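A.B. asks: At position 232 of the sequence shown the residue is numbered 233 (my numbering), and the sequence of numbers has no breaks.
Please note that a few of the clues may not be correct.
Only pairs whose alpha carbons sit at most 20 Å apart, straight line, appear in this in silico PhoX-like list of lysine-lysine [claimed, not checked]:
1) K234 with K223
2) K97 with K107
3) K137 with K147
4) K218 with K137
By construction, these hints were calculated from the structure, which means they are not laboratory data. Bear in mind that the values here come from a model prediction, so they are computed numbers and not experimental data.
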Amino acid sequence: MCRTVKSDPSTCLIPVVLVTGLDNTDDRIQGIECGADDFLSKPVNKEELLARVRSLMKLKQFTDELENAETVLSSLALSIEAKDPYTEGHFERLSKYSVALAKQLKLPEEQQEALRRGGIVHDIGKVAVPEPILLKPGPLTAEERKIMEQHPVVGDRICAPLKSFRLVTPIIRHHHEKFDGSGYPDGLQGEEIPLTARILQTVDIYDALTTDRPYRKALTPKAAFGQMREELKRGWWDGQLVGELEAIMVA
Numbered sequence: 002m003c004r005t006v007k008s009d010p011s012t013c014l015i016p017v018v019l020v021t022g023l024d025n026t027d028d029r030i031q032g033i034e035c036g037a038d039d040f041l042s043k044p045v046n047k048e049e050l051l052a053r054v055r056s057l058m059k060l061k062q063f064t065d066e067l068e069n070a071e072t073v074l075s076s077l078a079l080s081i082e083a084k085d086p087y088t089e090g091h092f093e094r095l096s097k098y099s100v101a102l103a104k105q106l107k108l109p110e111e112q113q114e115a116l117r118r119g120g121i122v123h124d125i126g127k128v129a130v131p132e133p134i135l136l137k138p139g140p141l142t143a144e145e146r147k148i149m150e151q152h153p154v155v156g157d158r159i160c161a162p163l164k165s166f167r168l169v170t171p172i173i174r175h176h177h178e179k180f181d182g183s184g185y186p187d188g189l190q191g192e193e194i195p196l197t198a199r200i201l202q203t204v205d206i207y208d209a210l211t212t213d214r215p216y217r218k219a220l221t222p223k224a225a226f227g228q229m230r231e232e233l234k235r236g237w238w239d240g241q242l243v244g245e246l247e248a249i250m251v252a
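Model the full structure from these sequences, guided by the hints.
C.D. replies: Printed below as a string of structure tokens:
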């Protein structure tokens with residue numbers, strides 16, 4: 002029963018308290034593996050049961066609120082993507098490619114999850130960029146570029162209150178840094194740039210090159226990596242990550 006409830010996406014967040022006459026460690030471990038949130042041994046004390054249930058319901062309420070907040074952020078990010086027909090599917094691809102690269106590097110699952118989320122919300126700060134600047138087809142003026150380059154800072158500020166995004170905010174803030182220190186907003190260089198931000202940055206560049214733009218057609222994967230290698234000579238990107246991504250995308 003417990004395993005069934007916890008394996009169904011529509012009920013997996015419902016708190017489950019096992020009331021059991023079994024009280025040894027092996028039985029409790031088995032209950033945990035089935036997804037139980039708490040245990041009570043018979044005979045059950047009514048006050049203790051109510052206290053445990055109230056505690057778990059508070060946790061459920063917090064989880065629901067957190068899930069709602071993350072849904073709002075994702076919807077806001079996707080609304081930004083929808084403004085530009087040339088970026089359709091961009092966020093979803095970034096999530097997919099970033100996680101694939103993280104798996105290739107054998108990063109922990111929590112970093113893979115941060116990259117999945119980061120792929121969706123990395124540009125959420127663009128909500129503060131005026132649309133004429135955001136959608137301008139030609140080069141930005143110096144003043145417009147200054148405004149645009151604030152979007153990682155704004156995105157960081159939007160997501161920072163969510164503790165569940167503690168591994169995501171460095172991705173949001175630093176995905177426009179460059180290996181030689183010429184990026185923004187903080188001018189970090191080399192391994193000062195968080196690895197997860199470098200991963201997202203690498204797949205972001207690749208996806209931009211392999212997607213149609215108003216001023217050019219999409220490059221083939223092979224041609225895209227050729228251009229990225231040229232940019233490596235300028236010191237912009239992490240060469241190891243470019244090589245690892247190429248091994249995945251051109252395999």
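A.B. asks: Please name the hints from earlier in the document that this structure breaks, with their numbers sorted from lowest to highest.
C.D. replies: Violated hints: none at all, because every hint is consistent with the structure.
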